[in-house]
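Start from the sequences, fold in the hints, and give me the full structure.
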Amino acid sequence: MPSATDHSANGGRLGWMLPHFFLGAISVPLLAAFWVEFIWQEAPCTLCLLQRMCMLLAGMGPLWILSQQADPSRVAPLALWSRGFGVSVLAGALGLSIALRQILLHILPDDPGFSSPILGYHLYSWAFGIFVLVLLCSGGCLLFAQTLAPTTVGKKSKITWATIGLFGALILANTLVVSYKAMAAGLAAGDLQ
Amino acid sequence: MIEAGIFFLLTILFLALVRGYRTLAVVVFLLCFTFILFDFLYHATSPLSLSL
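Protein chains in written order, with my numbering: chain A, 505 to 697; chain B, -2 to 49.
If you are wondering where the hints come from, they were derived from the structure by calculation, not from laboratory data.
The structure presented is a predicted model; accordingly, all values stated were derived computationally and were not measured.
Wrong hints could be hidden among the right ones.
Restraint ranges, calculated between C-beta atoms of paired labels, are given here [as the list claims (entries may be wrong)]: (1) A/Ala677 x B/Thr31: 19 to 29 Å; (2) B/Thr20 x A/Ile543: 39 to 49 Å; (3) A/Lys685 x B/Thr31: 15 to 25 Å; (4) A/Met687 x B/Thr31: 40 to 50 Å; (5) A/Pro613 x B/Tyr18: 47 to 57 Å; (6) B/Gly17 x A/His610: 35 to 45 Å; (7) B/Leu38 x A/Lys662: 21 to 31 Å; (8) A/Lys659 x B/Ala41: 39 to 49 Å; (9) B/Leu38 x A/Met687: 43 to 53 Å; (10) A/Leu582 x B/Leu27: 15 to 25 Å; (11) A/Leu612 x B/Thr20: 40 to 50 Å.
Which bits of chain A does chain B cover? Going by a derived footprint, with three or more residues having C-beta under 8 Å, they are [stated by the list, open to error]: (12) 550 to 558; (13) 600 to 614; (14) 673 to 680.
Stretches of chain B that chain A covers, calculated by requiring three or more beta carbons in the stretch to come under 8 Å of a beta carbon on chain A [unchecked claim]: (15) 3 to 14; (16) 17 to 26; (17) 31 to 42.
By construction, the Cβ of each residue, glycine as well, lies at the ideal position given by its N, Cα and C atoms.
Below, the structure written as structure tokens:
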């Protein structure tokens, strides 16, 4: 007969994998956004940037869990798990609203939409689907928090550091690109005066 | 320009999480969320949005 400890250990393995998978999956559309911006030469609008921010903010939830998982003495595992996915739910709901707003801006017949479509859908339509998935996954993780929250965790593995590093690089790259463009626009506006 | 500021805050949030500053992380998260929300609301009520 399996004991409570065995159950927790199985949930712990899944609980270890889920934040990694979540963080890796949310990095894919962010990388794709860079592809569209630099390879296709299509600059993002304000709403696109806001959706990108919400994706980064949604990724902060699993990052929160992964970054503090190694020290269960500081934070209760269940509280940490709930806080992480609570962050993702908030960011996902905001991102969903922004994506829906942009979809509604282009919903009229004969509207070509903003930017080139990917596999038949514009970026904001993809973003809408991604935020729905973020909400569903986060809701599921919160629903089964008691089972999934890892209780015994050792030091951070190389996979954990690689996942955190990739996500950090994406945040830094976005910050540098947007800051550079803002400064260039500011300088150009100054030259015109 | 405000977008650059929010991305900068997201960078601070990332660093706060990785370094283990939990209180700072909560404060910066709430700041990020509020700024994104208000930037969105400003954009949603601006006539410029109709030109997108």
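So, going through the hints one by one against the coordinates:
The beta-carbon spacing between alanine 677 of chain A and threonine 31 of chain B, approximately 24 Å, falls within the hinted interval of 19 to 29 Å. Judged by the Cβ atoms, the range 39 to 49 Å given for threonine 20 of chain B and isoleucine 543 of chain A holds: they are separated by roughly 41 Å. Separated by about 23 Å at the C-beta atoms, lysine 685 of chain A and threonine 31 of chain B satisfy the suggested range of 15 to 25 Å. As the Cβ distance of methionine 687 of chain A to threonine 31 of chain B is approximately 24 Å, the hint placing it in 40 to 50 Å is violated.
Taking the beta carbon of each, proline 613 of chain A and tyrosine 18 of chain B are about 51 Å apart, inside 47 to 57 Å as hinted. Between glycine 17 of chain B and histidine 610 of chain A the CB atoms are about 43 Å apart, so this pair conforms to the stated range of 35 to 45 Å. With their beta carbons about 42 Å apart, leucine 38 of chain B and lysine 662 of chain A fall outside the hinted range of 21 to 31 Å. For the hinted restraint 39 to 49 Å between lysine 659 of chain A and alanine 41 of chain B, the CB-CB distance of approximately 45 Å keeps it satisfied.
Between leucine 38 of chain B and methionine 687 of chain A the beta carbons are some 26 Å apart, a value that contradicts the proposed interval 43 to 53 Å. Between leucine 582 of chain A and leucine 27 of chain B the beta carbons are some 22 Å apart, a value that agrees with the proposed interval 15 to 25 Å. At about 47 Å, the CB distance of leucine 612 of chain A to threonine 20 of chain B agrees with the hint of 40 to 50 Å. Only residues whose C-beta sits within less than 8 Å of a C-beta in chain B count toward coverage, and the region 550 to 558 of chain A has 6 of them, enough to reach three; the restraint holds.
For the region 600 to 614 of chain A, the stated coverage by chain B is satisfied: 6 residues place a CB nearer than 8 Å to a CB of that chain, which reaches the threshold of 3. Counting residues of the region 673 to 680 of chain A whose CB lies closer than 8 Å to any CB of chain B gives 4, which reaches the minimum of 3, so the coverage claim holds. As drawn, the region 3 to 14 of chain B meets chain A at 8 residues by the rule of a beta-carbon pair under 8 Å; at three or more, the given contact holds. Closer than 8 Å: that is the beta-carbon criterion, and the region 17 to 26 of chain B has 4 residues meeting it against chain A, so the requirement of 3 holds.
Counting residues of the region 31 to 42 of chain B whose CB lies closer than 8 Å to any CB of chain A gives 6, so the stated coverage by that chain holds, three being the minimum.
In this structure, the earlier hints numbered 4, 7, 9 are contradicted, and the remaining ones agree with it.
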